[in-house]
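Asks: If you want the building blocks of each chain, they are given just below.
Protein chains: 4
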Amino acid sequence: MVIINHNTERTASVSEQLRALGFGTGRPVVIAGPCSVESEGQILAAAAAVKAAGATALRGGAFKPRTSPRSFQGLGADGLRLLAQAGAATGLPVVTEVMDTAQIDLVAAHADVLQIGSRNMQNFALLKEVGRAGKPVMLKRGLAATIAEWLSAAEYITASGNFQVILCERGIRTFETYTRNTLDLSSAILARQLSGLPVIVDPSHAAGRGDLIAPLSRAALAAGLDGLMIEVHPDPAQALSDNEQQLTPTAFASMMADLGLAPETEEQQMARLDAAIRALQAQRDRLRGQA
Amino acid sequence: MVIINHNTERTASVSEQLRALGFGTGRPVVIAGPCSVESEGQILAAAAAVKAAGATALRGGAFKPRTSPRSFQGLGADGLRLLAQAGAATGLPVVTEVMDTAQIDLVAAHADVLQIGSRNMQNFALLKEVGRAGKPVMLKRGLAATIAEWLSAAEYITASGNFQVILCERGIRTFETYTRNTLDLSSAILARQLSGLPVIVDPSHAAGRGDLIAPLSRAALAAGLDGLMIEVHPDPAQALSDNEQQLTPTAFASMMADLGLAPETEEQQMARLDAAIRALQAQRDRLRGQA
Amino acid sequence: MVIINHNTERTASVSEQLRALGFGTGRPVVIAGPCSVESEGQILAAAAAVKAAGATALRGGAFKPRTSPRSFQGLGADGLRLLAQAGAATGLPVVTEVMDTAQIDLVAAHADVLQIGSRNMQNFALLKEVGRAGKPVMLKRGLAATIAEWLSAAEYITASGNFQVILCERGIRTFETYTRNTLDLSSAILARQLSGLPVIVDPSHAAGRGDLIAPLSRAALAAGLDGLMIEVHPDPAQALSDNEQQLTPTAFASMMADLGLAPETEEQQMARLDAAIRALQAQRDRLRGQA
Amino acid sequence: MVIINHNTERTASVSEQLRALGFGTGRPVVIAGPCSVESEGQILAAAAAVKAAGATALRGGAFKPRTSPRSFQGLGADGLRLLAQAGAATGLPVVTEVMDTAQIDLVAAHADVLQIGSRNMQNFALLKEVGRAGKPVMLKRGLAATIAEWLSAAEYITASGNFQVILCERGIRTFETYTRNTLDLSSAILARQLSGLPVIVDPSHAAGRGDLIAPLSRAALAAGLDGLMIEVHPDPAQALSDNEQQLTPTAFASMMADLGLAPETEEQQMARLDAAIRALQAQRDRLRGQA
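Protein chains in written order, with the numbering used here: chain A, -9 to 281; chain B, -9 to 281; chain C, -9 to 281; chain D, -9 to 281.
Bear in mind the hints are in silico, worked out from the structure with no lab data behind them.
Hints may contain errors.
A pair counts as met if it fits within one copy or between any two copies, since identical chains are not told apart.
[Unchecked claim] Within a straight-line C-alpha distance of at most 20 Å, the following computed SDA-like cross-link-like pairs (lysine to any residue) qualify: (1) K125 <-> I94; (2) K118 <-> A98; (3) K125 <-> A266; (4) K118 <-> G66; (5) K125 <-> D102; (6) K118 <-> R56; (7) K118 <-> A67; (8) K125 <-> G198; (9) K118 <-> S61.
Produce the complete structure using the sequences and hints provided.
Replies: What follows is the structure, encoded as structure tokens:
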């Protein structure tokens, strides 16, 4: 088993650099947004919606890895520009995928986090170069990658001296066909223990079904993982990719509230605390009455 | 996709029969105990320990499905007798595996729940007969069974008119070798939605490692599943089977407390409620101070 | 890795007992017949057809392991009687599945080889008893069983003193959905090396598609395995089970001829030898002409 | 299911261009050589050995995709130069891997066939560009890629107008740990049927064990596939990568002879034909004697 060994200073420094994204604050990081950037209106609407619901970063694909060459391949450089604009408009850092060494500079000029997709988890030429951009890198687990391979891939990035690596578990390929992939929480937990790197979970790709996103998100946070990446689209039925697994803004907001991650005004916070105190006092009174 | 169709009356009746075990009460069912019944002292110690920690049922294998014929095969009828005795001593219902049609009457005479193990999930001769004993049946998912096959296996049991079926997800076989199996929470959630049957999770067999049991248990309950089955042994290092994944009584008690499932005296409850109220009031005061 | 250790005497004795079925003769054993025995006419027609095409044993299921309780479950005892009758009529030994300890005596009274199906590969109660009938046992590999588990399951049978075990590889479950299962020739080859037991291949269940049966059969024999089990039905489209993967008698006869396994009259043999000699002499003449 | 549709003219033209490599001649293509180019002496020795044994092309990695950044990464441009030199010395066309868009021109300047490795099967940026070099491309199947994904990846290459694509099955990842991967002959056969492209098999990576290479090679050719790729190293124990699965020159020569693919002098051919004719005549005489 290969393990990334961080000495204490290095880990501390990693934490500091990733803290701007919300890692290490005790509150889950939530990266949300559409599968693909499709238009200015779409990404601005998505960004506003996820910000309002409590997301801490905006995602959106400009270069899209698609199984078939006949599928929508993303808006490319235009998509990057629109994404960066939506991030600026909402104050959210942006996360987007880089697919080739030739794209690194362009993507790094627009994004706050460079994503390496599952299909490129062992694109070693890309891994060797991506860290040099000096930005945090989110490394998605390959769909049939072992924990050891995943951490070794991360070492290709850290070998360049960039330790700002975030791991993302997004489901593995199994025999089960009722879900798109099988979310592997055990490996996410172990990868976090073994590497000391932050690990987030992408339930959208893991499940491929909107109805599993909320329970899997609750499970991932209960297991102690560092955050979530969720696909949210203003109009999932019209999406140019992944339209079965993207949440509506309403469904996302509802899930965030259920997870206790929705933003609150001071009055809302006060009202929530008052209600919780009243409920506990009622329990206490019942208990005293029984005694 | 094959789905068990329950009409409302039937589901209600199922719930009533399984309620004695704690299903449908809103509080998770926790079945705990050793992998195998090994001796009177061992099973009595295990039963007392899991009862004290808040378990709601006692498990222990008397007929053991072991990969090799040279491994410990269980105490058989003696094991059943010792298990029933430990259940009676602690007031816990007992759950144990039946491996063959010829064992059904014997096992049913001692157990409150008959377990069908993963390796027998498609032992159709056994499935056809096991329901006739009139006791609840816990059907573990086969290690490479699809959701559809799992629910179809349950239908073999319900076809006998016995609808008291509990499903148990215990991990599927994948390429990953760092864990014994891969816990598949998505399928557990979907099996529950599709069948209306209670679904519990066995993180001990899923992970095969003691250190993953607590986080996976938290995740399973956060995902809304109905309970847990956990292997607990008074002295795991000396266990005759599965000694890497059984928890000590201390570790189990600690996990149950962490899950909020440890039993409390009235004073403990009162103290906990008082502490919680004080903490919320402190938050409230800080908030008012900021305002 | 668990390995069956045969000393020389034992292996020799195994070979002697299995030789009546054709193992160890240097010529592949071919077990053919329908998935299920459906009627007297169907099994007699199938038996006659596979005999004429060169099969060395007749298969046919009487007790059928079916995923759903609503599928055809086999004719049971009547099916056994019809199968034995068809075997007697054609002089072919018969192979059929036993699913439960309670069926062993009945099945052994009618069959020459007792088959343990994939779903029961780890039905240890059945494995412990099946060998006592004193007949050869064909143990199919479980669809997610490792080589070690498969050989350990065989040891449950040999532990009863019956070493007449035939292993059958029938495909494993993988992520690929275009075929029903994935034929794993490597494991079949290794299981043969490690155990010294004969190993045959079932391409019908492995592929689940008629068009792959011939090339996979050629591959299995080229890899040095001991035989084949092929599903053949007089009218596959009307079969009560597995109707996509059963060959017609015509297709089976064509495949057997292609494999060089079709029976020949002395004139046919002589004509074939003459043709082969002429072809080689022509090659020889061309070569001399070039020189 | 996505399928590459070739019209007749296009397929014919493909065949013509690939015929120089031996595809479509009725005789299997055998690409052999070391995992990695390690030195001038090593690659020249390997090239001479595989040529003498009957190989039709030389392989050798210069850019190596290695799981860990601490493993040998290949000689890069120097390796390409040495490989081309060994190809020229023996008259064998050379096959080598390209890992990144930035390497395409360099690799194409030295190689006759550009290989896309398993880990890059869905490196879509690379697939889009690699065809433009105008050389045949060998596309290895990803270790968890479905047939549909494999053929769609091939379409990324053919979309550039380059139809000289060779598919290579190299084993898929399954639960079995006794072999490195599981060779999936069914999918190789189907991919060939569906695409019309030549398909070869790499038993070295599939099995990861020297002892399986010969039987799997025989199986692949018996199944009608177009060729083999075999790792051969002058001294496998000292190899810098994959040392357990590389054959010695002696073992490779022996396997080629066994497959009927070893080169023969005219005298050897004549002697072989004479021996075969004598054997058939002896059979004929025995048969006449019986009659």
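Asks: Decide, hint by hint, whether the structure agrees.
Replies: We went through each hint and held it up to the structure:
In this assembly of identical chains, the alpha carbons of K125 and I94 lie at most 20 Å apart only when taken from the same copy (11 Å versus 27 Å across copies). Proximity of K118 and A98 under a CA criterion of 20 Å is satisfied intra-copy only: 15 Å inside one chain copy versus 22 Å between copies. Taking identical chains as interchangeable, the C-alpha atoms of K125 and A266 are never at most 20 Å apart, the minima being 41 Å within one chain and 41 Å between chains. Taking CA atoms no more than 20 Å apart as the test, K118 paired with G66 passes between copies only; the shortest distance there is 15 Å, against 22 Å inside one copy.
When the C-alpha separation of K125 and D102 is checked against a cutoff of 20 Å, the pair qualifies only within one copy, where the shortest distance is 7 Å, while the shortest distance between copies is 38 Å. For the homomeric pair K118 and R56, the shortest alpha-carbon distance between copies (12 Å) is at most 20 Å, but the shortest distance inside one copy (23 Å) is not. Only between protomers do K118 and A67 lie at most 20 Å apart by alpha-carbon distance; the minimum there is 17 Å, versus 22 Å within a single protomer. In this homomeric assembly, K125 and G198 never come within 20 Å of each other (Cα to Cα): the closest approach is 29 Å inside a single copy and 37 Å across copies.
In this assembly of identical chains, K118 and S61 lie within 20 Å of each other by CA distance solely across copies; the values are 14 Å between and 29 Å within a copy.
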